[in-house]
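Undergrad: So the chains spell out like this:
2 protein chains.
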Amino acid sequence: MRLSIYNTLKRKKEIFEPLNPPHVGMYVCGPTVYGDAHLGHARSALTFDLVFRYLKFLGYKVRYVRNITDVGHLENDADEGEDKIAKKARLEQLEPMEIVKYFTDRYHANMDALNIQHPSIEPTASGHIIEQIEMVKTIFDKGYAYEAEGSVYFDVDKYSQDYDYGKLSGRKVEELLENTRELAGQEEKKNSFDFALWKKADERHIMQWKSPWSKGFPGWHMECSAMSKKYLGETFDIHGGGMDLLFPHHESEIAQSNAAQGKDAVRYWMHNNMITVNGQKMGKSLNNFITLNEFFSGKHEALQQAYSPMTIRFFLLQAHYRSTLDFSNEALQAAEKGMNKLFAAYDLIEKLPDTKSSSVDIAKYRDLCLKAMSDDFNSPVLIAHLFDLVKVINQVNDKKETLSKDDIVTLKQIFDDFLITILGIKSEKSTDNTQVVDYLMQTILDIRQNAKTNKDWATADKIRNDLNKLNIQVKDTKDGASWSFR
Amino acid sequence: MRLSIYNTLKRKKEIFEPLNPPHVGMYVCGPTVYGDAHLGHARSALTFDLVFRYLKFLGYKVRYVRNITDVGHLENDADEGEDKIAKKARLEQLEPMEIVKYFTDRYHANMDALNIQHPSIEPTASGHIIEQIEMVKTIFDKGYAYEAEGSVYFDVDKYSQDYDYGKLSGRKVEELLENTRELAGQEEKKNSFDFALWKKADERHIMQWKSPWSKGFPGWHMECSAMSKKYLGETFDIHGGGMDLLFPHHESEIAQSNAAQGKDAVRYWMHNNMITVNGQKMGKSLNNFITLNEFFSGKHEALQQAYSPMTIRFFLLQAHYRSTLDFSNEALQAAEKGMNKLFAAYDLIEKLPDTKSSSVDIAKYRDLCLKAMSDDFNSPVLIAHLFDLVKVINQVNDKKETLSKDDIVTLKQIFDDFLITILGIKSEKSTDNTQVVDYLMQTILDIRQNAKTNKDWATADKIRNDLNKLNIQVKDTKDGASWSFR
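Here the protein sequences line up with chains A and B, keeping their order. Last residue of the first sequence: number 549 in my numbering, and the count goes up by one each step with no gaps. Last residue of the second sequence: number 549 in my numbering, and the count goes up by one each step with no gaps.
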């Protein structure tokens, strides 16, 4: 069973064959850290967490690079407007890197809550200015860029004479010309569809570095080309990101790499689809987003309750990454219920009665699960198979079907591999038992009271001694007994 | 009451007067991320966490910069040997930045466990190569550096004709000359006490950048001078670090700043003292260290038990930051006990009976706590005052002393401010009660067994009903009763 991946560039599924097996290089576009992560950010990170986990499960050694954009991302994609982080810093009267640190930490905390594994390397744009300048120089020297007023622009027209510009997004240069409107400050460019490789900073711009052209900062698309090359080499296996990055960001990356090195950098392009709210993309720019912290706390007018990180994770995994996924309270509540059902069955496995022979073909399910994941990481089909196994578990528990000892072990292994390791769902119930302890203590204190009333000193003494060992102190008051840890 | 800080440079306590109140700029040397953090790292981070917290409590707006050293720190301080991270990467067959990411994440997790607040900015050496090269250029242009074989060295002899080299550490150039031995590769230097600003990389060195002198990497001392200047300005308030960094690291920083800008950068130098093991410094190079993860798990031959992060925190705070602190199991166990005592009293405050008037002067204690902290952050004296208040609380609880309602509120506020906000100690008891639940359930199941034996059906029924409500299932087997959550 071989892994197939839908390659956006080819518009079809292809058998995955890494360049240097067992090594796999994967680069994924991370967040621009000027606000809290919302459900859309979670979907992208989770999609490639699933890819990362499954590739490792298949035995590959994956170097997974996910960047942090901390400079160069302007307010609109046409190289105009203010730097998103610098603007936030100006509004909050902070140093841009204070904004970066604050939101990077919050992003990490969110990702940890969602049980998303850390990438192998997490480079920042501002930490790789030298590498970006070097690559701009190369593109410039090869004739695919021009300087205007201290800024450097990519010459799309020139490039498209030698290479296929638009091959990822399907856009044509002629159409782009018709469809782009003139924006303020665009006059430096030869054509409105050219994009910035280096921008001269105006005086008040608080992030700028020296370059051969001006004091300024790199264009947004530059960082990914420069950093993927540095850490994964000129050619690498997988480049991932949200579908909203396909154009212009990824199309520009392809142009930059070809212009600089005469060949493509990426072998498999993968794009996750969007979260929608009433059919419209959830996004920061549309201001219809719900942050992950709001989901976790339930504090947002569109939310009927709090949703735990694992509920969010399971909800996202119930859709294939290339489908859109519409947010609703009903769907989240259904996900919560479904996940609890899976865990209840999972807990039951070790208690199942075993018999000499099995009435169910368990090994078949293992193959089905592998087949689902190997078919372009089809997590909803995988989850459907796991729910079929829930039925089997309940039937065996009710003695309507039978399983041998070996098959019960296999069954447990299927859940361990696919639910825990690959889907990355973990049980949330044992994290905080404060309420359970309160409740059990109440039971014990009630029994103690009864024992005292009944002059059952043996029981009363036993309770006192046991609680003593736990450093629990009981105080008798007029209103009954209270307790506390010593 | 004004804050006084022991300034290592002046060898005395000074009244703290920030340059631009209410703003305070503070720079602290963070870890070189090629191994797990040990108790010594915790002490440094915690010392300046205490400073950070107290300055904010006093109303200052603090920009706290703590760096991550991810390149340039060689195996010995005489500019020889391999880069610590590159060596680890070579041994593990990983990209250096994979090592950096792995140990940075683990460092952050340890700091979070210790309830150490995040710095405002956490810059990396590799992310500030441009800024470092610029500063080397300036020093070079001012005549305090020379080039040799593509490397650039600081000319200590030349510098000491114009400035007071050794003013922080008290070392004299003449003595340094007598005491330093010749090391392999030192022949490039004019004098053995000169230090590298830029090192030419040999071919196999995996981290290198272009510079006017060679492809290479910055000297270790350079990053702190360049990054503190970038984020805090030419002159800033506080520079902190472990006492082991005083020479050559901080002495070199002072020389670099003076050479580059003709004046000192730092106004108050603060140094925390070392952790000792049987009187010897605990350190990675001496190989006598115990990592924080080992303390938390108890898995180290020198440890008699696991110690919680808050026990470690309280243990460290019980000593003044400028005193050495000897590690021992007894001292840690005493800290654990003391901390529990503080929390028991803290929990009791809200339950204290109030009377019309107070027999104890509570306001006085607030002043005493402030005085302790304002006297160079004297946490052990502060803790002694809190223990005096524990006595008061217990006496009021036993009705031997009295407190008015207002004074009880003040008492609570003192604990909230000084124990929780400033010392940063938090209650650990509700984080994971799994063991407590197990233990309480055993007590309940024992009682149930006795009740059954004694045909006390009322008790047995009550237990069954109570556990049912908690979704706890009890199974009777030959070996006794077992239980599980449903």
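Keep in mind that a hint or two might mislead.
Said to hold, decoys possible - To give a feel for the contact side, a few chain B residues facing chain A, derived at Cβ under 7 Å:
(1) Leu121
(2) Tyr123
(3) Gln180
(4) Ile184
(5) Leu349
(6) Asn350
Claimed, not checked - List of simulated lysine-lysine pairs, BS3-like, C-alpha gap at most 25 Å:
(7) Lys151/B <-> Lys414/A
(8) Lys151/B <-> Lys124/A
(9) Lys525/A <-> Lys515/B
(10) Lys538/A <-> Lys414/B
(11) Lys273/B <-> Lys263/A
(12) Lys151/B <-> Lys515/A
(13) Lys475/B <-> Lys538/A
(14) Lys532/A <-> Lys475/B
Hint data in this document are derived by calculation from the structure and do not stem from the laboratory. These numbers come from a predicted model, not from an experiment. Note that CB positions come from ideal geometry on N, CA and C, so glycine has one too.
Undergrad: Is it true that the CA of Lys151/B sits at most 25 Å from the CA of Lys124/A?
TA: holds, 19 Å
Undergrad: Given the hinted pair Lys151/B and Lys414/A, is their alpha-carbon gap at most 25 Å?
TA: Given that 25 Å is the threshold and the Cα spacing comes to 46 Å, the pair is violated.
Undergrad: Taken at face value, is the distance from the CA of Lys538/A to the CA of Lys475/B at most 25 Å?
TA: holds, 22 Å
Undergrad: Lys525/A and Lys515/B were given as a pair; does the straight-line alpha-carbon distance stay at or below 25 Å?
TA: Given pair Lys525/A, Lys515/B holds - Cα atoms ~16 Å apart, limit 25 Å.
Undergrad: Min Cβ distance, Asn350/B to chain A: is it shorter than 7 Å?
TA: Given a least distance of 28 Å, the restraint on Asn350/B is violated.
Undergrad: Holds or violated: Lys151/B with Lys515/A, Cα cutoff 25 Å?
TA: Judged against 25 Å, a Cα distance of about 65 Å means the pair is violated.
Undergrad: Can we keep the Ile184/B interface hint, with Cβ of chain A closer than 7 Å?
TA: holds, 5 Å
Undergrad: What's the verdict on Lys273/B and Lys263/A, does the C-alpha distance respect the 25 Å limit or exceed it?
TA: Within the cut-off at roughly 22 Å; holds.
Undergrad: Compare the distance between the alpha carbons of Lys532/A and Lys475/B with 25 Å, and conclude whether the hinted pair is satisfied.
TA: violated, 29 Å
Undergrad: Given Gln180/B as an interface hint, is the shortest Cβ-Cβ distance to chain A below 7 Å?
TA: violated, 11 Å
Undergrad: Per the CB criterion, is Leu349/B less than 7 Å away from chain A?
TA: violated, 30 Å
Undergrad: Is the shortest C-beta separation between Leu121/B and chain A less than 7 Å?
TA: Result: violated, 20 Å to nearest chain A Cβ.
Violated hints for the displayed structure, listed by number in ascending order: 1, 2, 3, 5, 6, 7, 12, 14.
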